[in-house]
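Peer 1: Protein chains in written order, with our numbering: chain W, 82 to 352; chain F, 545 to 673.
None of these hints come from the bench; they were simulated from the model.
The beta carbon of each residue, even a glycine, is placed where N, CA and C say it ideally should be.
Possibly wrong hints are sitting among the right ones.
[Unchecked claim] Below 25 Å or equal to it, Euclidean Cα-Cα: the simulated SDA-like pairs (lysine to any residue) are:
1) F:K583 - W:K305
2) W:K105 - F:E573
3) W:K305 - W:Y318
[What the hints assert, rightly or not] Derived list of chain F stretches under chain W, where covered just means 3 residues or more per stretch with a C-beta under 8 Å from a C-beta of chain W:
4) 554-560
5) 563-571
6) 603-612
7) 626-633
Residue-level listing of the chains:
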Amino acid sequence: MIITSCVNLKQLNSYSSASLNAIKKFEEINYSFKQHCLNKCYSNALETFEIKKDTNSHCDCERYGQADSVTELIYCSIKGYFEGLTNLSNNDLTTYHPDAMKKSLTQGQIGDISLDSTQAKAYSTIAVILLKATTDLYRKQKLKEFIEAAYPSVNILLTKFQFILKNSLESELDWKKDDLYHYYKRMIDEKLLTDYEKGKATFDYYHQFSVVNSKQRQIDVFVKGIKKVAEGHQKIYEHINELSENDVKELLMQYASNIKDLVSEFNKIKE
Amino acid sequence: MENLTSGQAADIANCLRELNGSIEEFRFEPKNQLTDTQKKTLDDLMEQVSDAAQQILAESTTLVMEDVNTSLTTIKKITEQIKKTITSVADVQKVIVITASVLTLGTSILSKDPQSIGNAIGGLVNAKI
């Protein structure tokens with residue numbers, strides 16, 4: 082029983098820490114709705130060569146700021162939950178070093194009791210195992226309760242988080258690409274430019290286009306990671322009473338591994 | 545947008561993008577021989593459509609809020625419970641350390657060795673910290 086509970090917690094910890102790591106990559110996307118709005122506003126100013134001291138007053142980005150607030154709220158809730166799962170399933174939480182106990186149970190006469198060195202070592206080891214078993218069993222039970230209670234809400238939040246990033250933020254970037262095309266196409270087709278200037282404009286266009294593409298790829302990979310996190314959480318919920326079964330453990334390991342691969346892919350995308 | 549869902553809002557924004565794409569194709573097609581004024585009119589129109597669609601995309605995110613309000617409250621509550629559990633498990637650890645220190649003190653007293661009694665008292669004080 083003791084060995085099984087340790088392994089369960091280990092698999093759960095591996096999945097939840099990989100998930101937490103993937104979720105935190107949100108902070109590295111480094112693009113927000115408000116930033117998108119400001120960029121658009123600056124691009125408009127570029128067309129009219131308009132320079133103003135106060136950039137905020139002529140860029141109406143309130144709605145975009147609200148979108149960021151919602152996204153941030155969902156992100157923080159998901160992150161907080163997975164931090165909790167990771168910390169509670171972490172075996173370091175109950176890794177008790179038996180040095181103090183070993184020290185007190187040393188060989189010799191203790192009152193009326195006589196201990197040899199083997200017995201002293203055995204007593205301290207048994208005591209540690211029993212203490213660990215009790216706390217691990219408690220943690221396992223609590224984790225089961227939390228996951229069961231949280232599942233429907235976590236599922237909704239993870240789905241909406243994916244929606245916001247994929248359908249809203251990434252789509253905003255599609256518009257950014259359209260705007261770039263429109264701006265440079267007009268410049269090259271309809272303005273009086275030298276060949277050098279046209280070449281420079283073409284270079285600028287492809288450079289900016291590629292920056293936006295990278296940002297979209299980052300979001301794509303991030304969303305794939307969140308999808309895996311959600312699938313893994315669902316599997317845990319569905320098999321909450323069979324987490325010690327080998328195939329479920331293997332499945333959890335597979336999810337942890339897939340999530341880690343996506344994090345690694347995310348890290349490779351350069352801006 | 546009272547009854548609009550976040551998904552519908554995103555769909556509308558995508559339709560507007562397709563619409564703008566078609567206008568743009570027309571706008572840049574040389575055989576249409578548009579005048580500068582006509583081009584300018586189309587440019588302004590496309591910019592307005594673009595602005596509206598991008599605002600709708602941001603709005604689709606705030607519409608999500610209506611769907612997640614209850615979930616956010618639930619997760620917040622559960623996360624607090626998890627934190628409390630972690631603290632209580634950590635407290636158990638503290639109790640174990642203190643118990644072990646008391647045990648050390650007890651065995652030191654039984655051994656009647658002043659040096660080890662002194663060390664054990666020091667250990668107990670540290671464990672409480």
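Peer 1: Of the numbered hints stated earlier in the document, which are not met by this structure?
Peer 2: 1, 2
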